[in-house]
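Given chain A, put chain B in place with the hints provided.
Each protein sequence line maps, in turn, to chains A and B.
1 is the number of the first residue of the first sequence in the numbering used here; add one for each residue after it.
1001 is the number of the first residue of the second sequence in the numbering used here; add one for each residue after it.
Calculated directly from the structure, the hints in this document are not laboratory data.
Every value quoted in this text rests on a predicted model; they were computed, and no experiment measured them.
There's no promise every hint is true.
What the hints assert, rightly or not - Away from chain B, derived, C-beta distances all over 10 Å, residues of chain A:
#, residue
1, 8
2, 13
3, 15
4, 61
5, 75
6, 84
Unchecked claim - Pair by pair, the computed Cβ-Cβ distance ranges are:
#, chain 1, residue 1, chain 2, residue 2, range
7, A, 69, B, 1066, 40 to 46 Å
8, A, 38, B, 1030, 26 to 32 Å
9, A, 82, B, 1114, 39 to 45 Å
10, B, 1084, A, 8, 24 to 30 Å
11, B, 1070, A, 8, 45 to 51 Å
Just so you know, even glycine gets a beta-carbon here, dropped at the ideal spot from N, CA and C.
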Amino acid sequence: DSGVTQTPKHLITATGQRVTLRCSPRSGDLSVYWYQQSLDQGLQFLIQYYNGEERAKGNILERFSAQQFPDLHSELNLSSLELGDSALYFCASSVAAGSNYGYTFGSGTRLTVV
Amino acid sequence: AQSVSQHNHHVILSEAASLELGCNYSYGGTVNLFWYVQYPGQHLQLLLKYFSGDPLVKGIKGFEAEFIKSKFSFNLRKPSVQWSDTAEYFCAVKGAYEGGKLIFGQGTELSVKP
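Pulled out of the complex, with its shape left as it was, chain A reads as follows (with noise of 0.2 Å):
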């Protein structure tokens, strides 16, 4: 257990739905990222938030969203599923927004579009 906990593990869909995927980061941990790891794009950087706040965005769709809550756990919203969205979605988490500690993944979930 790395101390980052992403629910649900796995998660089935039909395309045109939308899903929430949920990240609670590990304790005393402020900055949350989201990376979305499929076959043909490998390891791809969504977005990051540094309490609560925005810090950075990567290649993050616009039907995807996300947020980081007050007590620090984050949600991705991915709306309007298409085929293309079934991936492995990591959360990562660290102690400051440009840590130098290195990440802390969590187990991912597993979405599938079909």
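Then chain B, alone, in the frame of chain A:
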């Protein structure tokens, strides 16, 4: 733009063979460098990291990596692999003075035959 290139997509070795996985990055400034390992069905785990100082970095499980600034490289090595090293290995880079997002390479799948 920052990028990371891992030369080998799939490496197959026999137990006790030596391992070297190549990683080159593209970035104009000071960098932090990381190697992560992902065992089948598990989250990414940090193997080792380089921030500054001795360019030869030792990590967990007998792995080490050497930062060669002139070659923009951070190759991962292990003198003698074991079957349990079968996993996917990711090189990642972050600008040392930037926000926290990691840029990952495409990954190298290592298969070790007993």
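A quick look at each hint next to the structure:
With a minimum CB-CB distance of about 15 Å to chain B, residue 8 of chain A clears the 10 Å threshold, and the non-interface call stands. With a least beta-carbon separation of about 21 Å from chain B, residue 13 of chain A lies farther than 10 Å from that chain, consistent with its non-interface assignment. Distance check on residue 15 of chain A: its Cβ is at least 26 Å (rounded) from any Cβ of chain B, clearing the 10 Å threshold; non-interface status holds. At roughly 17 Å from the closest C-beta of chain B, the C-beta of residue 61 of chain A stays outside 10 Å, upholding its exclusion from the interface.
Look at residue 75 of chain A: its CB is around 19 Å from the nearest CB on chain B, clear of 10 Å, so calling it non-interface holds up. Distance to chain B confirms residue 84 of chain A as a non-interface residue, since its nearest Cβ pair spans about 18 Å, more than 10 Å. Checking the proposed 40 to 46 Å range against residue 69 of chain A and residue 1066 of chain B shows it holds: the Cβ atoms sit about 42 Å from each other. In this structure the hint that residue 38 of chain A and residue 1030 of chain B lie 26 to 32 Å apart at CB holds, the actual value being about 30 Å.
Range check, residue 82 of chain A to residue 1114 of chain B: about 41 Å between beta-carbon atoms, so the 39 to 45 Å window is met. For residue 1084 of chain B and residue 8 of chain A, the hinted distance range of 24 to 30 Å is satisfied, since their beta carbons lie about 29 Å from each other. For residue 1070 of chain B paired with residue 8 of chain A, a C-beta distance near 47 Å keeps the hint of 45 to 51 Å intact.
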